[in-house]
Amino acid sequence: MKIIAALWNTLKRPPVHISLGVIILVSFLGGIIFWGGFNTAMEVTNTEKFCVSCHEMENNVYQELQQTVHWSNRSGVRAICSDCHVPHNWTDKIARKMQASKEVWGAIFGTINTPEKFEAKRLELAQHEWSRFKANGSQECRNCHDYDSMDWDEMSDEARRFMEPAAERGQSCVDCHKGIAHQLPQQMGSVDPLLAGLVREATSVSLDEGETYFSAKSVDLYTDAERTEQAGVLQVATEVNVLETQDDSVKLEIAAWRKEKGFGRVLYEDFGQNISSAVLDKDIAQHGAMIETHQSDVVDELTGLPWGQVSVTLWAEKGAYLGNREALWETAGQTYRDACSVCHTEPAPEHFDANTWPAMFSGMVGFTNMSAPTQELVLKYLQMHSSDFVDAAH
Amino acid sequence: MGEANDQGETRSSGKRREWLAFLFVTAVVVPLLTIAAVVGYGFVVWMLQIFVLGPPGHGG
Numbered sequence: 001m002k003i004i005a006a007l008w009n010t011l012k013r014p015p016v017h018i019s020l021g022v023i024i025l026v027s028f029l030g031g032i033i034f035w036g037g038f039n040t041a042m043e044v045t046n047t048e049k050f051c052v053s054c055h056e057m058e059n060n061v062y063q064e065l066q067q068t069v070h071w072s073n074r075s076g077v078r079a080i081c082s083d084c085h086v087p088h089n090w091t092d093k094i095a096r097k098m099q100a101s102k103e104v105w106g107a108i109f110g111t112i113n114t115p116e117k118f119e120a121k122r123l124e125l126a127q128h129e130w131s132r133f134k135a136n137g138s139q140e141c142r143n144c145h146d147y148d149s150m151d152w153d154e155m156s157d158e159a160r161r162f163m164e165p166a167a168e169r170g171q172s173c174v175d176c177h178k179g180i181a182h183q184l185p186q187q188m189g190s191v192d193p194l195l196a197g198l199v200r201e202a203t204s205v206s207l208d209e210g211e212t213y214f215s216a217k218s219v220d221l222y223t224d225a226e227r228t229e230q231a232g233v234l235q236v237a238t239e240v241n242v243l244e245t246q247d248d249s250v251k252l253e254i255a256a257w258r259k260e261k262g263f264g265r266v267l268y269e270d271f272g273q274n275i276s277s278a279v280l281d282k283d284i285a286q287h288g289a290m291i292e293t294h295q296s297d298v299v300d301e302l303t304g305l306p307w308g309q310v311s312v313t314l315w316a317e318k319g320a321y322l323g324n325r326e327a328l329w330e331t332a333g334q335t336y337r338d339a340c341s342v343c344h345t346e347p348a349p350e351h352f353d354a355n356t357w358p359a360m361f362s363g364m365v366g367f368t369n370m371s372a373p374t375q376e377l378v379l380k381y382l383q384m385h386s387s388d389f390v391d392a393a394h
Numbered sequence: 001m002g003e004a005n006d007q008g009e010t011r012s013s014g015k016r017r018e019w020l021a022f023l024f025v026t027a028v029v030v031p032l033l034t035i036a037a038v039v040g041y042g043f044v045v046w047m048l049q050i051f052v053l054g055p056p057g058h059g060g
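Line by line, the protein sequences are chains A and B.
Just so you know, we're using this note's numbering here: the first sequence kicks off at 1 and counts up by one.
Just so you know, we're using this note's numbering here: the second sequence kicks off at 1 and counts up by one.
You may find that some hints are simply not true.
Said to hold, decoys possible - Computed list of lysine to any residue pairs in SDA-like fashion (alpha-carbon distance at most 25 Å, straight line):
(1) 15(B) with 358(A)
(2) 15(B) with 339(A)
(3) 97(A) with 48(B)
(4) 15(B) with 57(A)
(5) 15(B) with 22(A)
(6) 134(A) with 51(B)
(7) 15(B) with 28(A)
(8) 134(A) with 48(B)
(9) 2(A) with 40(B)
(10) 93(A) with 18(B)
(11) 121(A) with 339(A)
(12) 97(A) with 54(B)
(13) 134(A) with 57(A)
(14) 2(A) with 18(B)
(15) 97(A) with 147(A)
(16) 251(A) with 225(A)
(17) 178(A) with 50(B)
(18) 15(B) with 6(A)
(19) 102(A) with 18(B)
(20) 178(A) with 225(A)
(21) 134(A) with 64(A)
Just so you know, these hints were derived from the structure itself, not from any lab.
Kindly produce the complete structure, drawing on both the sequences and the hints.
Quick look at the structure:
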């Protein structure tokens with residue numbers, strides 16, 4: 001207290017011993033040194049070296065970045081952590097630096113100090129960044145990738161078809177380009193809650209012999225009731241006839257068409273349409289005693305390929321079938337609309353025919369986060385609601 | 001004589017005190033206050049972003 005009082009006594013009087021010139025000079029130099037130091041410190045905390053100095057960053061996101069185009073590419077320009085994750089505007093930058101106190105807390109108390117903990121938090125962390133990018137229109141992307149500087153003629157037609165309308169709307173880059181510098185959260189790639197619900201529902205559907213059901217997921221097919229020798233895979237939303245049940249197994253009859261060129265491994269929903277129902281192993285498809293041929297050598301005029309109508313009888317697990325396809329189609333339709341409308345107006349399913357959809361779909365599905373099972377279902381939904389199945393088609 | 005000596009001592013100790021106060025304030029107090037102000041500003045903006053403004057927006 002006494003020291004502060006003495007200090008205050010000295011400060012409140014005009015200086016007697018120090019000249020005004022010295023005071024101005026020393027204060028001015030002090031200001032320069034302080035400001036320089038402040039900026040240097042700010043820049044140090046923006047360097048990649050600083051970011052990956054904690055192992056949470058070093059072992060997870062930094063390794064993932066190194067697999068991407070933002071790490072190495074043909075033009076040799078790369079992005080470091082702060083280019084994308086720290087706002088460049090001063091106020092927002094300071095706020096972000098203060099926000100990092102939460103990261104310091106996390107580093108001290110080990111919130112995500114193991115790969116498992118990090119993986120569990122990945123979705124939440126990603127959502128924080130996505131909502132930030134949503135709010136600022138992906139400003140940090142656009143510091144480098146400017147819509148105004150894109151030369152549409154240099155772009156592939158496919159890219160241009162989506163980039164030009166996006167530029168007109170000033171769309172946020174991350175709307176479509178999620179998972180471009182780090183991996184997508186696992187949840188987004190593996191579990192579709194709607195579909196998972198249907199698969200759960202299927203476990204409680206009792207199967208009556210002689211009735212018709214639809215697979216709620218893809219199911220392994222076997223030649224024997226003990227399910228020891230695999231014969232192929234039944235795909236999702238395929239119509240099956242239950243012939244016999246035994247313990248946990250069920251004997252299914254799959255009515256299908258197949259191409260009589262090659263090994264005839266793929267079973268299709270209908271004549272001349274590439275809507276797959278099941279894929280058989282080569283040996284089974286070639287010599288299987290489980291395959292009964294009803295018609296043979298029916299030529300599809302468009303392709304000139306001979307098709308045959310068959311029914312295949314194989315064993316599979318119980319509890320994976322639904323009484324009808326309505327709920328599956330509803331889920332698929334919802335997923336289709338949600339995933340596609342993020343970037344563009346989705347075409348109606350009947351806009352294309354069943355044989356056009358696979359190429360169309362595989363060209364686009366990379367931009368979505370649909371899991372493999374969901375993709376299979378959505379494609380089948382689109383094909384079975386395509387112009388081949390709708391009267392009011394184009 | 002003694003008085004003059006006393007005066008000289010008070011003079012030099014006064015000079016010392018003045019320099020100490022000056023350097024202490026310019027090199028320690030003001031920088032700390034400045035940092036505190038910037039940190040405080042950052043925290044206020046951060047809290048506003050959480051509760052009022054939402055994430056920093058376009059040109060924000």
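Verification of the hints:
Distance hint between residue 15(B) and residue 358(A) is unfulfilled; the C-alpha atoms sit about 88 Å from each other, more than 25 Å. For the hint linking residue 15(B) to residue 339(A), the alpha-carbon distance of about 75 Å lies beyond 25 Å, and the restraint is violated. Restraint check: the Cα-Cα separation between residue 97(A) and residue 48(B) comes to about 15 Å, which is no more than 25 Å; the hinted pair holds. A C-alpha spacing of about 53 Å is found between residue 15(B) and residue 57(A), which places the hinted pair above 25 Å, so the restraint is violated.
Distance hint between residue 15(B) and residue 22(A) is fulfilled; the C-alpha atoms sit about 14 Å from each other, no more than 25 Å. Restraint check: the Cα-Cα separation between residue 134(A) and residue 51(B) comes to about 17 Å, which is no more than 25 Å; the hinted pair holds. Taking the CA atoms of residue 15(B) and residue 28(A), the gap is about 21 Å. The hint holds against a cut of 25 Å. A hinted pair counts as satisfied when its Cα atoms are at most 25 Å apart, and residue 134(A) with residue 48(B) qualifies at roughly 18 Å.
A threshold of 25 Å between alpha carbons decides the hint, and for residue 2(A) with residue 40(B) the separation of about 29 Å lies outside it, so the pair is violated. A threshold of 25 Å between alpha carbons decides the hint, and for residue 93(A) with residue 18(B) the separation of about 39 Å lies outside it, so the pair is violated. A threshold of 25 Å between alpha carbons decides the hint, and for residue 121(A) with residue 339(A) the separation of about 23 Å falls inside it, so the pair holds. Straight-line distance between C-alpha atoms of residue 97(A) and residue 54(B) comes to about 17 Å, which keeps the hinted pair within the 25 Å bound.
Annotation: proposed proximity of residue 134(A) to residue 57(A) holds, straight-line Cα distance about 23 Å (limit 25 Å). With a C-alpha separation of about 16 Å, the suggested pair residue 2(A) and residue 18(B) falls inside the 25 Å cut-off, and the hint holds. Between the alpha carbons of residue 97(A) and residue 147(A) the distance comes to roughly 29 Å, so the proposed pair goes past 25 Å and is violated. Taking the CA atoms of residue 251(A) and residue 225(A), the gap is about 7 Å. The hint holds against a cut of 25 Å.
Straight-line distance between C-alpha atoms of residue 178(A) and residue 50(B) comes to about 23 Å, which keeps the hinted pair within the 25 Å bound. With a C-alpha separation of about 13 Å, the suggested pair residue 15(B) and residue 6(A) falls inside the 25 Å cut-off, and the hint holds. Restraint check for residue 102(A) and residue 18(B): the C-alpha separation of about 42 Å exceeds 25 Å, so the hint is violated. Distance hint between residue 178(A) and residue 225(A) is unfulfilled; the C-alpha atoms sit about 45 Å from each other, more than 25 Å.
With a C-alpha separation of about 22 Å, the suggested pair residue 134(A) and residue 64(A) falls inside the 25 Å cut-off, and the hint holds.
In this structure, the hints that do not hold are numbers 1, 2, 4, 9, 10, 15, 19, 20, in rising order.
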